[in-house]
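Here the protein sequences line up with chains V and B, keeping their order.
Letter by letter, the first sequence follows residues 14 to 270 in the working numbering.
Letter by letter, the second sequence follows residues 784 to 1039 in the working numbering.
If you are wondering where the hints come from, they were derived from the structure by calculation, not from laboratory data.
Label-pair distances were calculated between CB atoms; the ranges are: (1) B/ILE922 / V/GLY25: 57 to 63 Å; (2) B/LEU915 / V/ARG179: 48 to 54 Å; (3) B/THR895 / V/GLN127: 30 to 36 Å; (4) B/ARG1007 / V/SER124: 53 to 59 Å; (5) B/VAL1016 / V/ARG141: 44 to 50 Å; (6) V/THR23 / B/SER1020: 33 to 39 Å; (7) V/TYR24 / B/THR1012: 43 to 49 Å; (8) B/MET784 / V/SER100: 24 to 30 Å; (9) V/ARG141 / B/GLY927: 49 to 55 Å; (10) B/ARG785 / V/ASP19: 35 to 41 Å; (11) B/ALA991 / V/ASP163: 55 to 61 Å.
Here are some of the chain B residues that sit facing chain V, going by a computed Cβ distance under 7 Å: (12) LYS793; (13) VAL800; (14) THR883; (15) GLU885; (16) LEU888; (17) THR889; (18) ALA890; (19) PRO891; (20) ARG1037.
Cβ atoms here follow ideal geometry from the backbone N, Cα and C, with glycine treated the same way.
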Amino acid sequence: MIEVKDLTKTYGSFVAVKGISFRAESGQILGFLGPNGAGKTTTMRIITGFMPATSGTVVINGLDIFTNSLEARRLIGYLPENPPLYSDMRVEAYLNFVAKLRGVPRSEVESATQSVMEHCGLTHMATRICGQLSKGYRQRVGLAQALIHDPQVLILDEPTIGLDPRQIHEIRELIRGLAAKRTIVLSTHILPEVSQICDRVVIINDGTIALEAKLSELPEGSSLEEVFLHAISKEGHLPGATAEETLEEVGAGHSEA
Amino acid sequence: MRNTLTIAGKELMGYFVQPVAYVVLTVFLLLGGWFFFSLLQHFSEMLQMYQLMGGGQTVEQLNLNAQVIAPVLHDLSIVLVIVMPALTMRVFAEEKRTGTYELLLTAPIRTTEIVAGKFIAAAVFTLIMIALAWIFPLILIIFGNPEVGVMFAGYLALALLALTFVAVGLFTSSVTQNQIIAAISSFGILILLYVISWPEAGGDTIKAILKYLSIPEHFSTMVRGVIDTADIVFFLSAILLPLFLTQRAVESARWH
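The whole structure should be built from the sequences, with the hints applied where relevant.
See the structure below:
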């Protein structure tokens, strides 16, 4: 379980995240949505202990990520926005390295690597050099390194980006299969993805939470897209804003980021 | 410890698949060979000249250590000033640029273990490089009769000097994500440590401090064959201080 409480992050005078709070329960997949530059990646970096919050707390299965950092980090598997691959290492050697780094016992490193390669469809790529992989395979290796120590908490920053439709389907199935005994937070731009695999959704806009809801509790008759656009259009206080105009805003966020 | 060795092992493998490391190694040994060749040539000419002049006593005073090995070591120390920043510039900067820094910092390992692992790997590679430069004394031992103890002290000095450069290089690499900036700033620091005792101005205290900070002061004492605890302490501090600063710099990602 992840508990985020009053999380604020400032970079100099720029406030990236403004006091957000939410919970992700075990056994659930939480979809983390928002336009680019909304603070998704910042939030995920704080949850994983990569950077500290300016104020507020993150508690992972009862362990504070800041004060109990080592123990809390042990529980987390993290796929950053860019898969963190060493371009001169072979896939298998890289996964072995991450397994050791993540504290997998020496005797189980080899089997952990083999099983995670099998899960992510990488077995035939074991001896390829990471730097020469296609975007889709880089993403798979990134996912494999996040799963290698069988973590209880998974933080995935846009896990299906750059994959082809078949791979997207496979990875979604994989993530869905992992959810049973884990807490998964997944950020994405792809709304249908959220509808397909997430149980709950948190929409973040401009560093604040615009909407937090169970997917099953969304207003009847409205699609997730409508809900999303409504949530990020300044809490719906844009009188007469058409869907097109709002979309333009989302697009503007894109080009800035 | 286990984590440190994991990082060190991975980093060390990295050096052997990277062209930069081989270029550094080659430049170091080729230039070393050139210095050795020319100094030895000079030495043998002098030897012949003195023998022709019949100065038996002067011939005995000619010394392979002082005339050949010591100057080679001094020259190699300058080569190290130039090549070591190139060897260490990527160590942290590259991780920051490619995003693997996120993998390292979110793994359940301590910052000290990361820094120690990276230092050990760079140090092992550097020591292999310096061990290969033993080829020059070996040639002298085979064909001549040099004092091995003095040469040993000289190579110890070169090793300590190189490890100091590694530590400084790691530090500059840890404060930027740009490898060029890392290399140039570490180059600047190393040059400064070479020339720091040049100014003649200032009181005796300042002069003494600058002299103490000067790398050649300590280096040349050891190359002459004098192993003084003070010099060893200087080099160990010069290795540990930048490593401590590196640890702080990496850790600072977790502060702000």
